[in-house]
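Asker: One point on numbering: in our numbering, the residue at position 97 of the sequence shown is 84, and numbering is uninterrupted.
Hints listed in this document are in silico derivations from the structure and should not be mistaken for laboratory results. One or more hints might be untrue.
[What the hints assert, rightly or not] Simulated crosslink set (BS3-like; lysine-lysine; CA at most 30 Å straight-line):
1. Lys85 x Lys138
2. Lys(-4) x Lys225
3. Lys104 x Lys268
4. Lys362 x Lys(-4)
5. Lys377 x Lys362
6. Lys142 x Lys18
7. Lys138 x Lys377
8. Lys104 x Lys306
9. Lys240 x Lys306
10. Lys(-4) x Lys377
11. Lys362 x Lys268
12. Lys362 x Lys18
13. Lys306 x Lys367
14. Lys65 x Lys138
15. Lys377 x Lys65
16. Lys18 x Lys(-4)
17. Lys306 x Lys(-4)
18. Lys138 x Lys18
19. Lys225 x Lys362
20. Lys(-4) x Lys99
21. Lys138 x Lys99
22. Lys66 x Lys142
23. Lys142 x Lys65
24. Lys315 x Lys268
25. Lys18 x Lys377
26. Lys142 x Lys85
27. Lys99 x Lys142
28. Lys367 x Lys225
29. Lys138 x Lys104
30. Lys65 x Lys18
31. Lys225 x Lys306
32. Lys306 x Lys268
33. Lys99 x Lys18
34. Lys85 x Lys104
[As the list claims (entries may be wrong)] Each pair of labels, with its calculated beta carbon distance range:
35. Asp6 x Val352: 20 to 26 Å
36. Ile348 x Gly302: 27 to 33 Å
37. Glu339 x Val271: 51 to 57 Å
We put the CB at the ideal spot given by N, CA and C, even for glycine.
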Amino acid sequence: MRALVWHGKEDIRCDRVSDPEIEHPRDAIIKVTSCAICGSDLHLFHNFIPAMMPGDIMGHEMMGEVVETGSGINGSIKKGDRIVVPFTITCGECDQCKRGNFSVCERTNRNKEMADKAFGHTTAGLFGYTHLTGGYPGGQAEYLRVPFADKTHIKVPDSLTDEQVLFLGDIFPTGWQAAAQCDIEPTDTVVVWGCGPVGQMTIRSAVLLGARQVIAIDCIAERLSMAEAGGAITIDFKEESVIDRLNELTGGKGPEKCIDAVGLESHVSMGQPDTLLDRAKQVVMLESDRPHVLREMIYVCRPGGIISVPGVYSGFVDKIPIGMAMNKGLSFRMGQTHVKRWTDDLLRRIEEGQIDPSFVITHTVGLEEGPEMYKVFRDKQDSCIKVVLKP
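With the hints as extra help, turn the sequences into a complete structure.
Answerer: Below is the structure:
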């Protein structure tokens, strides 16, 4: 089969690889009908995430048709079913899964000892990601083996298109969790840093959850326009002071809820000196991530407020004003997404027409065009916000 394969930093190729096979009774094989390039994939593309190996198949946003099942599936899915595959692999039986904490499943990371050393305790296995999370082949391919498939799936109706439901596997529940863990109240101002695909879903989730006003921060015109269309007040951080504008919009009190949909690769610019220092530290291996957004959120957030972090961080950050956060009484909530916790509700909202997640798609291409689209997506060329691949 064809698949997008990691060969090293900024080197993704469309290769011929072996077809997946059933390896365990709880496995299933799907024929991938749609997959996507995610911002998290760019962290792998830039080699910011450790423990990638040449030959790893990329991709963790995918869906398709079940073509084979193992003997232990017990009818939960069957050949011909149309499913979205969550990026988090879940057993459904461990203590964390029973609590709904699916992204920290205790059983699905097949490199548990490595994860225990890196994180203190293992997290769930993830598709198409680092070997710290199991090294499972990803879904930017013609076929995919789904481990623990009796639990790691979302059945979708034929009445909805791939484009409407594909993002149930990652960015829609990621944006929803980012907003939901803010405990949004009708009087709240919610600010979202980053208007990429996750930021766009977060904006619309905050609106659906009833925030009084939602504010979106970015510097890319197309992203800001899409955010405004979703109901947000926008701030271009290259054109105006984020701090001054937020004070103006909140009567000087600051927003109650702040969401970091950027993560480790904050934009580097002369107007933000700390980002220049972070980039220099990255070059000499003194820091792994650029946490400008975290610093800014801590500074502007209203005392007693909540900071939510769906953006991915990979390792170590510097100059975080923890004393400021402590004295302001801020709460931090973060983590990979517990996808299956949210998807029944989100699928219902799609079916009822409350939201159509396909709004975020700007490019649809064949799998063979994937390597070039990684660069287009990274460089924000051709007004690119979200790329869907059709194997």
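Asker: Checked against the structure, which of the hints given earlier come out wrong?
Answerer: none
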